[in-house]
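Trainee: Listed below are the residues making up each chain.
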Amino acid sequence: MFITDLLEESYSAIFANKTRTALTVLGIVIGISSVIVMVSLGQGATSSIETNIESMGSNLITIMPGFQRTFSQVTSGRGSAQTLTIEDAQAILTEIPFVKNVAPELSRRYQIISKGKNTNTQVIGTVASYQDIKNVVIDEGSFISDQNVLNQAKVAVLGPTTRDDLFGEGANAIGETIRINGINFKVIGITKPKGGSSFGSQDDIVYVPITTAQKILAGVNYVSTISVQIQNSKLMNQAKLEITNLLLQRHNITDPQLADFNIVSQQDIIESASSIINTMTILLAAIASISLIVGGIGIMNMMMTTVTERTREIGLRRAIGAKKSDIGLQFLTESVMLTFLGGVIGIILGILISYGITFFTNTATKTSLFSIILAFSVSFLIGVIFGYWPAQKAAKLNPIEALRYE
Amino acid sequence: MIEVKNITKVYKTGDFENKVLKGISFSINEGEFVAIIGPSGSGKSTLMHILGCLDTPTTGQYFFEGKDVSRFSDDELAEIRKRKIGFVFQAFNLLPRTTVLRNVMLPLIYANVSRSKREKIAKKAIIDAGLKEKHFYRLSNQLSGGEMQRVAIARSLVNNPSIILADEPTGNLDSKTGEFVMQTFEKLNKEGRTIVLITHEKYIAENAKRKITIRDGEIIEDITNGISKSVQQIKE
Chain A
13 MFITDLLEES YSAIFANKTR TALTVLGIVI GISSVIVMVS LGQGATSSIE
63 TNIESMGSNL ITIMPGFQRT FSQVTSGRGS AQTLTIEDAQ AILTEIPFVK
113 NVAPELSRRY QIISKGKNTN TQVIGTVASY QDIKNVVIDE GSFISDQNVL
163 NQAKVAVLGP TTRDDLFGEG ANAIGETIRI NGINFKVIGI TKPKGGSSFG
213 SQDDIVYVPI TTAQKILAGV NYVSTISVQI QNSKLMNQAK LEITNLLLQR
263 HNITDPQLAD FNIVSQQDII ESASSIINTM TILLAAIASI SLIVGGIGIM
313 NMMMTTVTER TREIGLRRAI GAKKSDIGLQ FLTESVMLTF LGGVIGIILG
363 ILISYGITFF TNTATKTSLF SIILAFSVSF LIGVIFGYWP AQKAAKLNPI
413 EALRYE
Chain B
-6 MIEVKNITKV YKTGDFENKV LKGISFSINE GEFVAIIGPS GSGKSTLMHI
44 LGCLDTPTTG QYFFEGKDVS RFSDDELAEI RKRKIGFVFQ AFNLLPRTTV
94 LRNVMLPLIY ANVSRSKREK IAKKAIIDAG LKEKHFYRLS NQLSGGEMQR
144 VAIARSLVNN PSIILADEPT GNLDSKTGEF VMQTFEKLNK EGRTIVLITH
194 EKYIAENAKR KITIRDGEII EDITNGISKS VQQIKE
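Protein chains in written order, with the working numbering: chain A, 13 to 418; chain B, -6 to 229.
Treat the hints as calculated values from the structure; they're not laboratory data.
For every residue, glycine included, the Cβ atom is placed at its ideal position computed from N, Cα and C.
Please note that the accuracy of each hint is not assured.
[To be verified] DSSO-like mimics (lysine-lysine), calculated; alpha carbons at most 30 Å apart, straight line: (1) A:K204 / A:K166; (2) B:K222 / B:K183; (3) A:K405 / A:K30; (4) B:K5 / A:K408; (5) A:K408 / B:K60; (6) B:K169 / A:K405; (7) B:K180 / B:K116; (8) B:K180 / A:K408; (9) A:K408 / B:K12; (10) B:K127 / A:K30; (11) A:K408 / B:K15; (12) B:K(-2) / B:K169; (13) A:K336 / B:K113; (14) A:K336 / B:K(-2); (15) B:K195 / B:K116; (16) A:K166 / A:K246; (17) A:K336 / B:K116; (18) A:K336 / B:K183; (19) A:K127 / A:K204; (20) B:K222 / A:K336; (21) B:K195 / A:K336; (22) B:K5 / A:K336; (23) B:K(-2) / B:K12; (24) B:K(-2) / B:K222; (25) B:K183 / A:K405.
[As the list claims (entries may be wrong)] Anything over 10 Å on all C-beta distances counts as not near chain B; from chain A, calculated: (26) F14; (27) T16; (28) S24; (29) T63; (30) E66; (31) S119; (32) A165; (33) N264; (34) Q269; (35) G327; (36) L328; (37) R330; (38) I332; (39) S337; (40) T373.
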């Protein structure tokens, strides 16, 4: 029997009863499309988080304060240490060879006032190299310069959202004055919108020179984070190790367990965020695949009915020379064709729903080739698994009894 | 061409043994038109299933064109049915809602005949079976009983079988269309086809040149052109 004949026989058998076929296939369509939607939601979330994190800069290591060690038994909360300094940042840049750039920052929230409008936002005191490390793009004016840092200049660079809040949407703010914590700052630049919300908006932000932030705004001499950019992503782990050793040495700590800082690489953040989302995706896909199993049982039910209904036809086919295997193969082809049809429609529907979700709710979705191939093979497999038993039943029919069947 | 030697068929249901055929022997030559007659329960259907390679005898031998097929496997029997045997059934057994042409081409699908040849062979068979060109694309369920049976006859012809087995071909037809179907068989026989007709109605068997009567699983009469072989001769 030629494969084309096998397909044609199966095709005409399936379409002999269109309503029943449509209803049975619907089960598979719902199953496959929900798996596609769930997976694309998950992958969309993962990739939007990745781009979000990567937009903060590449090959990045972030040093954050750890526990404040005191001589008493009392340990303050994580992040409370006030031991990281601008000098630490300088030392990392000069003493570790493959460090490309460092940017210490001091971040606080302040009330900011301009001409009657005001807002409360994050003020980051930092240095010129921050722009390069964190991919800050200037829309108009300029970023903080080394000179500004040296002079403790009272200048500020605004994020577009902050600019909109303080001066109105799209207004020209360069040269205007804003008051941060009661002190006048001159606006020298506006950054380009970056988007992203998962880890705090990078558009609602004010940059000032770090020295100004330390001495004039906060009155402290420590920094809240040091961002380190490494030349090559392969050197990340080595860099982490060397920075740890250097800082331990500078802070006179001998036991690494007692370090008063934490080092987190960008990779670590992406990995932990992705692993959470992956777990969620797997969970959702697992729930969706239950509907696939239900759909598969529907297929089996229909195939069982078909075999019984077409007993005489099976008898005839056997009489005119069909082998058991020919009959089994025909019914298996029919069930695979059904699930495959359901798979194709389900994939199309799933992609459409994913687009719909992105279009109407602005939630990121990403339909990968992988999930499509997976859906195809799953639907094929369901056809084989749930079609096998009915096909066997058909193949094993005794031709004489089948011919006489009423 | 076909020869059965002392074949028996026993059905076992639990401890109870039902001997349906009790040692049947005869042979059929090429070009014969044989009617196997017997009342229901005589074992003629079982005999037809064995002759048609749908079943195998419990004991005895069945030579089909010289080959003993009585111990053939399921797949080997399917091969014989595919190449050598044409079936015509009482209930026609056509595929419903399917064109006449497709129904007639069905055996050729299993015989791996190329698509281009199939249609040609099937169209010729339909004409040979006494139907017209206008019937080619009719759906099987739109035909009359007599037309349906002639479609079934056309279907039995397409693989150019050595033998055509007709199991009560007129059983579902009125006597007039039944007569027409029988004429079709006679015509095919005149063209050289070997035909074995199974029936319980004597007047249908009148069309055949040779009549084998069986009762209770045994041949009681074998008449060729009015000349009867004795039971003794048959047993030998």
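Trainee: Can you name, in rising order, the numbers of the hints this structure does not satisfy?
Mentor: Hints 6, 8, 12, 15, 16, 18, 20, 21, 25, 26, 27, 28, 35, 36, 37, 38, 39 are the ones this structure does not satisfy, whereas the remaining hints hold.
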